[in-house]
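Colleague: Residues per chain, in single letters:
2 protein chains.
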Amino acid sequence: MKLSIRKDALGEAIGHVIRAVSPRPVIPILGGIRLDADARGLTLTASDTDMTIQSFIPAEKDGEPVVRLEGDGSLVLGAKFFSEIVRKLPTDTVELEATDARRAVIRSGNAEIELVGMDPDEYPVMPSVADAAHFQAGGLQLKQLIHRTVFAVSANESTPILTGVLWQLSEGRLKLTATDRHRLSKAECAVSADPDLKLDQLVIAGRTLNELSRLIPDDGTVIDVQATDSQVLFRMDGILFHSRLLDGTYPDTSRIITNQYKTELVMSTRELADAIERAYLLSREEKTNIVRLSTVGGGEIEVSSSSLEIGKVTERIRPDHLAGEDLKIAFNSRYMLDALKVIDSEKIHIGFTGPMSPILLRPDRDPDMLHLILPYRTTT
Amino acid sequence: MKLSIRKDALGEAIGHVIRAVSPRPVIPILGGIRLDADARGLTLTASDTDMTIQSFIPAEKDGEPVVRLEGDGSLVLGAKFFSEIVRKLPTDTVELEATDARRAVIRSGNAEIELVGMDPDEYPVMPSVADAAHFQAGGLQLKQLIHRTVFAVSANESTPILTGVLWQLSEGRLKLTATDRHRLSKAECAVSADPDLKLDQLVIAGRTLNELSRLIPDDGTVIDVQATDSQVLFRMDGILFHSRLLDGTYPDTSRIITNQYKTELVMSTRELADAIERAYLLSREEKTNIVRLSTVGGGEIEVSSSSLEIGKVTERIRPDHLAGEDLKIAFNSRYMLDALKVIDSEKIHIGFTGPMSPILLRPDRDPDMLHLILPYRTTT
Chain W
1 MKLSIRKDAL GEAIGHVIRA VSPRPVIPIL GGIRLDADAR GLTLTASDTD MTIQSFIPAE
61 KDGEPVVRLE GDGSLVLGAK FFSEIVRKLP TDTVELEATD ARRAVIRSGN AEIELVGMDP
121 DEYPVMPSVA DAAHFQAGGL QLKQLIHRTV FAVSANESTP ILTGVLWQLS EGRLKLTATD
181 RHRLSKAECA VSADPDLKLD QLVIAGRTLN ELSRLIPDDG TVIDVQATDS QVLFRMDGIL
241 FHSRLLDGTY PDTSRIITNQ YKTELVMSTR ELADAIERAY LLSREEKTNI VRLSTVGGGE
301 IEVSSSSLEI GKVTERIRPD HLAGEDLKIA FNSRYMLDAL KVIDSEKIHI GFTGPMSPIL
361 LRPDRDPDML HLILPYRTTT
Chain D
1 MKLSIRKDAL GEAIGHVIRA VSPRPVIPIL GGIRLDADAR GLTLTASDTD MTIQSFIPAE
61 KDGEPVVRLE GDGSLVLGAK FFSEIVRKLP TDTVELEATD ARRAVIRSGN AEIELVGMDP
121 DEYPVMPSVA DAAHFQAGGL QLKQLIHRTV FAVSANESTP ILTGVLWQLS EGRLKLTATD
181 RHRLSKAECA VSADPDLKLD QLVIAGRTLN ELSRLIPDDG TVIDVQATDS QVLFRMDGIL
241 FHSRLLDGTY PDTSRIITNQ YKTELVMSTR ELADAIERAY LLSREEKTNI VRLSTVGGGE
301 IEVSSSSLEI GKVTERIRPD HLAGEDLKIA FNSRYMLDAL KVIDSEKIHI GFTGPMSPIL
361 LRPDRDPDML HLILPYRTTT
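Protein sequence lines correspond, in order, to chains W and D. All letters in the first sequence, in the order written, are residues 1 to 380 by our numbering. All letters in the second sequence, in the order written, are residues 1 to 380 by our numbering.
Hints are not guaranteed to be accurate.
Identical chains share a label here; the pair holds if one copy fits it or two copies do between them.
As the list claims (entries may be wrong) - Lysine-lysine pairs mimicking DSSO-like chemistry, simulated, CA-CA at most 30 Å apart:
(1) K80 / K312
(2) K262 / K175
(3) K287 / K61
By construction, these hints were calculated from the structure, which means they are not laboratory data.
Using the sequences provided together with the hints, build the complete structure.
Modeller: See below:
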């Protein structure tokens with residue numbers, strides 16, 4: 001391999017793929033970035049076996065040369081140093097040459113960097129998703145669905161399936177669900193798919209979705225999603241993002257969602273979030289995160305938390321609408337704040353189903369998102 | 001105590017003093033911020049015994065009321081929660097009332113926060129610096145002197161005196177020196193002082209100076225410095241910054257600084273820093289930080305580093321001026337980069353005194369700053 005390439009294009013592609021390089025790779029070669037050069041351009045690949053990211057740099061972009069190829073070939077270079085040194089190179093165009101299968105040299109201005117590489121023949125092959133079921137979704141919509149659900153995945157590796165987000169497709173609608181058994185978040189949107197196409201049990205690790213989300217540009221990009229029983233591939237402009245699906249059966253969560261409330265309220269999302277944030281600050285010092293919400297008569301609610309050592313926070317708010325039974329409930333305020341943070345509508349609807357039954361949060365007048373939080377049993 | 005106060009002024013003063021609150025206070029009451037209210041305004045104090053910071057909020061500023069006093073008194077409130085909750089209060093003006101010596105309540109909009117405080121009578125008294133020797137220095141000059149030296153203090157607590165910066169004043173010039181035995185940095189400037197005033201053995205902890213530097217505003221503030229045998233007080237607009245001096249005798253470093261060089265060069269500071277940065281990236285992977293510099297003939301020098309596992313970085317540069325014996329030297333590139341980063345002149349002068357003797361760096365044509373680095377003995 002011998003080529004010269006624009007430093008910014010190389011740096012950007014490294015930035016795309018390096019998120020798939022694990023700090024503790026399962027096999028040494030996965031600590032590297034694979035480079036493949038041919039007449040079309042340069043492809044970079046990195047993988048931690050769970051996710052694999054490919055970024056393609058075309059030989060030309062907007063009629064301007066980006067890669068000038070003198071000889072094709074493949075190389076695997078240690079990701080960390082390669083990434084750092086490219087950022088620090090002195091000139092806008094850099095030269096990259098493989099001197100043998102495991103050695104390369106980068107030239108830029110007066111700087112010459114010899115790199116000990118790894119054997120590209122040992123680099124794992126990207127799994128195929130040929131003939132897989134596929135659909136298209138707007139990049140921004142996908143990012144939003146991920147943002148609205150991924151925080152609710154379980155951090156507990158003892159139930160691996162709950163560390164992922166469930167993707168379901170039916171009748172042209174994509175639904176994402178995440179739960180850690182204490183809370184649940186659901187979001188959905190319309191996608192371009194064959195109305196007969198039905199996907200279920202597609203569970204993608206939360207960590208992987210966070211990386212995918214970072215790669216999706218904030219523009220009108222349309223993303224092609226291809227899925228098999230064990231793999232999913234997201235294809236966008238110049239980037240292929242490949243993820244293994246999590247093994248196991250995702251629990252059926254449909255029965256715990258209800259519209260039968262004992263108490264209901266509608267109020268300003270911001271006002272509630274600010275009051276809970278203040279009570280959270282105190283509850284955090286106690287390491288419980290417990291905040292209480294109760295009706296206090298006169299159409300008002302009280303948000304409160306207390307700590308013997310520090311003191312007490314109380315705040316009364318008058319919701320726009322409050323109906324049903326009197327209420328006295330305690331919950332993990334961190335979970336409540338996580339949900340309120342992704343609700344971007346001005347008003348929120350909260351339904352309470354009993355002191356020990358789920359609290360349901362929805363943006364007022366938006367049926368496409370739902371958050372559920374289980375209350376705490378407290379002694380007072 | 002009962003008063004109402006502008007939230008922004010209170011938040012700013014908390015921000016000033018909270019840096020003196022240790023995460024692990026030596027006595028519980030130092031986990032708090034002391035508040036003293038009287039007709040002049042509100043004073044906040046925090047201390048970790050090494051440094052004590054006071055911030056004063058005047059009752060009026062620019063003719064506008066800032067504090068409205070209804071009753072004077074003192075209070076000590078837990079720093080962390082107090083600081084966080086003030087930032088999150090809903091209204092621009094907040095009410096603060098001590099309900100007894102150890103209890104207070106904050107009211108802001110609909111939020112009411114009860115705080116369990118500590119007994120102000122138990123709060124340590126700030127040491128006095130009455131009748132101390134004093135001088136005035138420009139805030140920006142002081143910040144610059146600190147910036148140019150403090151990075152070179154020792155991180156090793158086994159020689160406590162070297163974790164501080166030596167301040168010396170004579171003939172109206174203030175000189176700061178820091179060394180960790182492997183490198184040394186010196187910087188000086190003129191200050192307003194009685195020409196007969198001589199201060200020596202004033203050693204202030206590096207950590208404390210970093211905090212002082214953060215508090216000095218980026219404007220023409222003049223700072224009054226008062227020193228006794230054991231204390232130093234920096235007085236600026238609305239802020240008193242008090243520091244204990246480090247015990248012990250600072251080593252005499254004057255003899256190791258020389259103007260007798262075996263090899264000398266003058267070159268672009270930036271060009272050298274960039275080349276060393278690239279070599280550093282590789283040397284860091286080996287955890288040695290060793291970078292080599294040698295003359296290669298033709299008026300050029302070579303900066304290089306190598307690692308069996310990763311490869312080699314080499315770069316040839318032609319200095320503006322190169323004179324004296326041939327040179328082959330190795331050094332800790334992190335130390336070199338630390339020094340180059342604070343040299344803001346375009347050109348740098350480096351004097352080499354031998355392969356195992358100090359390397360001296362100075363901005364070209366600026367006698368007020370000097371950095372010295374001891375080379376490494378290497379086998380090759």
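Colleague: Reference check for the pair K80 and K312, CA-CA at most 30 Å: within, between, both, or neither?
Modeller: between (48 Å within a copy, 15 Å between copies)
Colleague: For K287 and K61, with the copy left unspecified, which applies at a CA distance of at most 30 Å: within, between, both, or neither?
Modeller: neither (54 Å within a copy, 40 Å between copies)
Colleague: Treating 30 Å as the Cα threshold, decide for K262 and K175: within, between, both or neither.
Modeller: within (27 Å within a copy, 74 Å between copies)
Comparing the model with each numbered hint stated earlier shows that hint 3 is the single one that does not hold.
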